[in-house]
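Protein chains: 4
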Amino acid sequence: MQINDVEIKDTYAEAFGIKVSRILVTAATKKLALTAVTEATGYATSVIGCPAEAGIDGYVSPLRTPDGRPGFTIMICNSTKKKLEHELLERIGMGILTAPTTAVFNALDNEDEFLKVGFKLKFFGDGYEKELEIAGRKIHSIPIMSGDFLVESEFGIKDGVAGGNFFVMGDSKMSALVGAQAAVDAIANVPGVITPFPGGVVASGSKVGCNEYNFLNASTNEKMCVSLKEEVKESEIDTDVNGIYEIVIDGVDEISVKKAMTEGIKSACSIPGVLTIDAGNFGGNLGEYKINLRDLDY
Amino acid sequence: MQINDVEIKDTYAEAFGIKVSRILVTAATKKLALTAVTEATGYATSVIGCPAEAGIDGYVSPLRTPDGRPGFTIMICNSTKKKLEHELLERIGMGILTAPTTAVFNALDNEDEFLKVGFKLKFFGDGYEKELEIAGRKIHSIPIMSGDFLVESEFGIKDGVAGGNFFVMGDSKMSALVGAQAAVDAIANVPGVITPFPGGVVASGSKVGCNEYNFLNASTNEKMCVSLKEEVKESEIDTDVNGIYEIVIDGVDEISVKKAMTEGIKSACSIPGVLTIDAGNFGGNLGEYKINLRDLDY
Amino acid sequence: MQINDVEIKDTYAEAFGIKVSRILVTAATKKLALTAVTEATGYATSVIGCPAEAGIDGYVSPLRTPDGRPGFTIMICNSTKKKLEHELLERIGMGILTAPTTAVFNALDNEDEFLKVGFKLKFFGDGYEKELEIAGRKIHSIPIMSGDFLVESEFGIKDGVAGGNFFVMGDSKMSALVGAQAAVDAIANVPGVITPFPGGVVASGSKVGCNEYNFLNASTNEKMCVSLKEEVKESEIDTDVNGIYEIVIDGVDEISVKKAMTEGIKSACSIPGVLTIDAGNFGGNLGEYKINLRDLDY
Amino acid sequence: MQINDVEIKDTYAEAFGIKVSRILVTAATKKLALTAVTEATGYATSVIGCPAEAGIDGYVSPLRTPDGRPGFTIMICNSTKKKLEHELLERIGMGILTAPTTAVFNALDNEDEFLKVGFKLKFFGDGYEKELEIAGRKIHSIPIMSGDFLVESEFGIKDGVAGGNFFVMGDSKMSALVGAQAAVDAIANVPGVITPFPGGVVASGSKVGCNEYNFLNASTNEKMCVSLKEEVKESEIDTDVNGIYEIVIDGVDEISVKKAMTEGIKSACSIPGVLTIDAGNFGGNLGEYKINLRDLDY
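Protein chains in written order, with the numbering used here: chain C, 1498 to 1795; chain Y, 1498 to 1795; chain P, 1498 to 1795; chain H, 1498 to 1795.
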């Protein structure tokens, strides 16, 4: 199977279940909203080593937010409800409440359950907090130095999908990199998904376990390292491939992750020098979801 | 005392000791380097609730880096050596090693001691890692999917200063906000300091403890909340002040923090509508450093 | 009439007819597309002194462009068909053809007539140019150093509206400025309009003619200059207003300009310290369009 | 000759004389200064079709500007003194005076002569303009709606150098493109030069004249078009080269242009997949300056 002369390998991405939240952060200007969500979604590429997986889902124009101000939806994800609640409290409390002019609303549909995040944050007001209603939502207004911080009382969470992925392989490192960036641009317009790695791109796909050092449970995937193509006998890299980058996607559900993979792959295939699209899996034993690259609705 | 008709209050900022690291992250382009360091320094406004305090110190042109590529110096800080080592390992391992084309070098002078961060990260290479020397530095080269990730073997840490601060007070919220942004622009050109809050600005200065809810050890500083000016009898806000933002500074040493406060305050005072510069302290009982606003070398 | 406690003055914006084009510029990535259109729409605030009025209308996701790549629609406007054709040829030829990986498509609906811009640009190909069809459009493919530049053969133009405007007046300069920036953010989501001044904001509203120097046909509007409030007897600035910025809007038709004014004004009124919305007119003798601020559909 | 395994061709860049101005634009914040200079330097890639050649030279921290605010130096260039004066008047008058909070200062050293640009712009003040001195400079203060616009009375111009250039050739289009971007990043830190094309990169290097259409005096350089490698017999592109981008440099003098070429070439050679550095000339008959690639001080 080919898209624009790029080979789509006959394989599948193996994805996992994860607890997902989705919140809307508004501010006086688009730039101020972006500043807040950038802080709140940082240090959140993978729960392997980060305290959460998080990223920006999309921009919401002031014509469509509850308070008529520009905003961004972000997603914060973690393996358990308890860990997710901690991250919501701290990332909102330390990264958004502290940022100029912000307000925070629940932005998840079809929630499985709710966490009382705003309710718990309100105590920062030391008795001066108030309760409001905006667009039918229960809101806590917390007086802070620069004005009042508004935060919705409860935030929904649901069972989402983490680890949707594909590899962009190119004739040169930079072909693969720009192909990956083009994929991220396309995925940015799919609602309900994030690409949590830096700039949406992963430079260092890993394997489970480690052959040489038994104290590590993840290590470099030597069979997919371009600089080891000659050295590693079992290298799975085609002769003409000299650059590989991976895209990892978390989504509110499998449909959203599939849509993101579809649009991302199509865009990567528009970049000169991109040769092959592959995907990462672990033999199908670990993740609940198998997404075949050739079954996507391109 | 006045600067450009802005009153500089006769008070001091109270600052604390903190363990500081400073690293240089280079990449193929300036934009790629910025993407990596933005991820690695996110979720790091204050150790009150974040796993570290971190931020971008400055840009380093390719004419001045060990590998001739553009880079940014960042600072990562924490209360203890152990916590700082954890954050260095995870923020580099999850936020920079995973980012396209990056390399990482120690960028601290006058180190008190060294942490073997690169040495520990190298095991990710599963035996394929190599050792190099670049500009006299011991470097580990770790093969990753997209090429080789280079990281210096050891990173210095030293006793630095956290919590340098001042308040920008304006006739209107937006005067104070732009005043604070102007301060951040100026501080960005002082080496050895970061402003770890979102965009460098704090919207929610707090007090120690909480009167109403005894389970909290920090809460809103009601005497400095503009929306409580009428309600709170002990409000310390002047009648004509309607907006307040705080700048918080971490630095490699007290001299750097003082320089940052000096330049930041001067810049804030250039903004129309900024009326007063104040500072935050806790009566001098908590922090090791007292920096008087009127003693700075403007 | 008030919106969010901000006074909407009982006055009208006086707008003029102008020839309008609207084109879509796509590229390999969103960033590359933005780089091209930023160059092509620069030096284009007002035809009083610039060779055109131009700006970015909006971002178009790769899911919705003819070539499946990310793009931006831009508008280029001028007083006559001849001048507009010159600007289209030069701004596309010098600013977009020269930019990496770009392609250009017509993006105007309800065109009054067409200009053979792509047809004329194709001669740069020196006989090596080819003709293609993409999504039913006639396209010229011009070989350039880095690949092939694709440009649609003809671009539509129509009679649009220039000079839609309103003034954002605040208690302080920075309140008015952030109010104006918030307005620009909202207008950015209205299709078919641009705000051609730097960052969308005008700092220097002018009057027709000049009292002191008869060789000038436009000069500062002293009655609206905040720093002349005391000096100029006929000053039209309210006592509590200390900052004024103007938004100027060009659109494909009057409906679009009205929609932009509506959304812009609503957003400006969400910013603390914004006191009054006013508008600029010349007694109704010059422009074809009078847009009453109080008649807009807020 | 090779740098980092990249072949440096034995050829020279042919450059031309041009009239150069260099001005400093400051504003309340770095972002506001950037907004103004982006507008003022747009539509200015080449005097072949643009009304000027212009670009951003560099950022100047508030610690080093005459008014203690952040700023950018920009260069505006044209073939004659008269044309340059027109462009200075209009680009400052329409693009910077109109932008929020700006001020403009002369930033050229070793001027050949001065143009009374600020002196002429002051008449916009309609008699309300005033004269000031800042850091020993004669400044006109022009009242505008949002405050006072400050502009230095005279701006220096001198004989500079235009058309310094080199080609970045890669194994793939994207290798060449990222190589060119890396070059632009390095050149950005060389004072006294600009790269006037979009993002600093030229996608469409041209030849003098046109074989097929005698009404054109410039057309595509078919011998350097990668998509014509097979079709054009005299193609000068090596077999393994599949992508070519050009960097064009204007500078205040030949030394600055040489320094920019040196740093740009070194950076391009750090990008994987870059194979060759070439340069553009016209047989040495047209330009006054011949800069040999192999004579540069790498």
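Since the hints were derived computationally from the structure, they do not count as laboratory data. On a predicted model such as this, the values are computed, not experimentally measured, just so you know. A few of these clues could be false.
Which copy? The list can't say, so a pair holds if one copy fits it or any two copies do.
As the list claims (entries may be wrong) - Okay, derived cross-link-like pairs now, DSS-like style, lysine-lysine, Cα gap no bigger than 30 Å in a straight line: (1) Lys1726 with Lys1627; (2) Lys1578 with Lys1720; (3) Lys1617 with Lys1704; (4) Lys1730 with Lys1635; (5) Lys1720 with Lys1635; (6) Lys1617 with Lys1730; (7) Lys1506 with Lys1579; (8) Lys1579 with Lys1704; (9) Lys1613 with Lys1704; (10) Lys1617 with Lys1580; (11) Lys1617 with Lys1627; (12) Lys1580 with Lys1730; (13) Lys1635 with Lys1787; (14) Lys1704 with Lys1580; (15) Lys1617 with Lys1506; (16) Lys1578 with Lys1635; (17) Lys1580 with Lys1506; (18) Lys1730 with Lys1627; (19) Lys1787 with Lys1528.
>> For a quick check of understanding: which of the numbered hints are violated here, in increasing order?
In response: 2, 7, 12, 13, 15, 17 and 19
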